[in-house]
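The chain contents come next:
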Amino acid sequence: MEHFIGKKVEPFCVQAFHNGEFKEITEKNLLGKWSIFFFYPADFTFVCPTELGDLADHYEEFQKLGCEIYSVSTDSHFVHKAWADASDTIKKICYPMLSDCAWKLSKQFGVLLPEEGQALRGTFIADTQGVIQAYEIHNLGIGRNASELLRKLQAAQFVAEHGDEVCPAKWQPGAETLKPSLDLVGML
Amino acid sequence: MMAPDKIPEVSPLLDEEMRKQLGDVFSKLEQDVWLLSIVDIKNDKCVELASLLKDMERLSEKIHVELYEPGENPALEKELLDDSRLPIAGIYRDGHVYTGQSFLGVPGGKELNSLVMALYNTAGAGQPLEDKIKSRTQAVDKPVNIQVFVSLACHHCAQTVISCQRMASLNPSIRAQMVDANLFPDYVKKYHIERVPMTVINGVHTLMGGKSLEEVLDFIEKTV
Chain A
1 MEHFIGKKVE
11 PFCVQAFHNG
21 EFKEITEKNL
31 LGKWSIFFFY
41 PADFTFVCPT
51 ELGDLADHYE
61 EFQKLGCEIY
71 SVSTDSHFVH
81 KAWADASDTI
91 KKICYPMLSD
101 CAWKLSKQFG
111 VLLPEEGQAL
121 RGTFIADTQG
131 VIQAYEIHNL
141 GIGRNASELL
151 RKLQAAQFVA
161 EHGDEVCPAK
171 WQPGAETLKP
181 SLDLVGML
Chain B
1001 MMAPDKIPEV
1011 SPLLDEEMRK
1021 QLGDVFSKLE
1031 QDVWLLSIVD
1041 IKNDKCVELA
1051 SLLKDMERLS
1061 EKIHVELYEP
1071 GENPALEKEL
1081 LDDSRLPIAG
1091 IYRDGHVYTG
1101 QSFLGVPGGK
1111 ELNSLVMALY
1121 NTAGAGQPLE
1131 DKIKSRTQAV
1141 DKPVNIQVFV
1151 SLACHHCAQT
1161 VISCQRMASL
1171 NPSIRAQMVD
1181 ANLFPDYVKK
1191 YHIERVPMTV
1201 INGVHTLMGG
1211 KSLEEVLDFI
1221 EKTV
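Chains A and B, in that order, give the protein sequences. If you read the first sequence in the numbering used here, its first letter stands for residue 1, the second for the next number, and so on. If you read the second sequence in the numbering used here, its first letter stands for residue 1001, the second for the next number, and so on.
It is worth saying that the hints were derived from the structure and are not from the lab. Please note that a few of the clues may not be correct.
[Claimed, not checked] Which stretches of chain B does chain A cover? Using the computed rule of at least three CB atoms under 8 Å from a CB of chain A, they are: (1) 1011-1023; (2) 1109-1116; (3) 1140-1153; (4) 1195-1205; (5) 1208-1216.
All residues carry an ideal CB built from backbone N, CA and C; glycine is no exception.
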C-alpha cells in the first residue's frame, strides 16, 4: 500500500461552485495557503450534508488559520448548485465545492470507487506548498468531525513552524518524580 | 550548612545498576564540581532533590554537595533563586563560582541525562564542539537567561537542556535552567505551555521543540 504523506498535489483543473458562482480551481490556488480536500461520495445524500454543514460551521476558524477548504465529489458543479438551492445546510457553505466529474482528483488522491463512480470519505491536509501533511480515508458510512480536523490542521501547522521534536504535555500536579533513565550514547 | 543527617543519602530514584552507570560517567570528571541546593525540609520535592544529589556525591570524589536551609545563605539565594522557587540546585565550579546552570525541579526521568551532562561539561572534557561554535557562544555579550520547560518523560527535552546548559558552561553571561513545568502551574499558565520542550529566553523570546546548541545560538544571535 502506498501513502500520500510528503506528496505534492499534482496539477489539476476543475470547475467549482463557490458563493453562488462557478469558477475554475487549479493547483495554483493551493500555493501560499494551507488547503483541505474533503472528499465525499455524492451530493443529495444524508451523511454528507451533516459533515459539510459541520465544516461550514467551523469555516471561519479554518480561514483564521490561513486554510482554504475544498469539498470534492464526482458530481458536476451544476449539481452542487442544485444541491445548494435545495438544502439549507448546503446553502450556508462558503468554501468552494469542487466538481470532480472526470474523476481525476479522486484518482490522484486514491479515494475513487470506480464501480460506483463515487469517492470515499477522504480528508487531506496540504501545506502552503501543496504538499500533503496529513490525511484520513473513511469508508462510506463513517462520518468525520470538523473539530478534530481543526486540531489536526493546528498540529500540522505547529510542526511546520517549530519542527517535530516536541512532546505534547499532560500536566499532572502532584505526580511522582519519574525514575531516571540514562541515554548518553554518543554524547561522552 | 544543613546537618547531613537530615537528608537520606540513598535516593529511591536510583538503583544499583543506575549507580554503576553514573559511577562510570563520573570517572570521566577531571575537576571538582559543586552542587548547591536550598532545601526546605518541609517540601518533599526539596528533600527528594537533596537526596538525589547526596546519592550522586557518594559516587564520585569530584562531586561535592552543599545543602542550605532557606535564609541560611542569602548570597546563594540571591544568585540562584527566581521568586523563591524550590526545589532548586545550581552547579558551581572552583568552590563557589556559579556556572549559570541550574535545575528547578527534580531531574528524574530523562532529565538525569541533563544533570549528568552538565557535570561532565563543567568538570570533565565536555562534549566536543567546533571552535567556531564555541567562539560564537563565548561572544554573546548580553545577559541571556534561558529557561527550558520540560516534562520528565520527554526525550526531546533533555537534548535542549543539555544544549543550553553547555552554552552557559562556556559563557558567564548565559544562564540556563531546566524547569520541570509540572511543578509550576503558574509558569504553565503564564507561557501557555502545552508542548515541551519550550525554551523561554529572558522571559519573552520563545523557542519550541528539541534544539541543538547551534540552533539555540542562532536564535539568540538573531533575537536577543
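Here is how each hint holds up against the structure:
Residues of the stretch 1011-1023 of chain B lying with their CB closer than 8 Å to a CB of chain A number 5, which satisfies the three-residue condition for coverage. With 6 residues having a beta carbon nearer than 8 Å to a beta carbon of chain A, the stretch 1109-1116 of chain B meets the requirement of three or more and the stated coverage holds. Counting residues of the stretch 1140-1153 of chain B whose CB lies closer than 8 Å to any CB of chain A gives 3, which reaches the minimum of 3, so the coverage claim holds. Coverage of the stretch 1195-1205 of chain B by chain A holds [criterion: at least 3 residues with CB-CB distance below 8 Å; count 3].
As drawn, the stretch 1208-1216 of chain B meets chain A at 4 residues by the rule of a beta-carbon pair under 8 Å; at three or more, the given contact holds.
Checked against the numbered hints given earlier, the structure satisfies every one of them.
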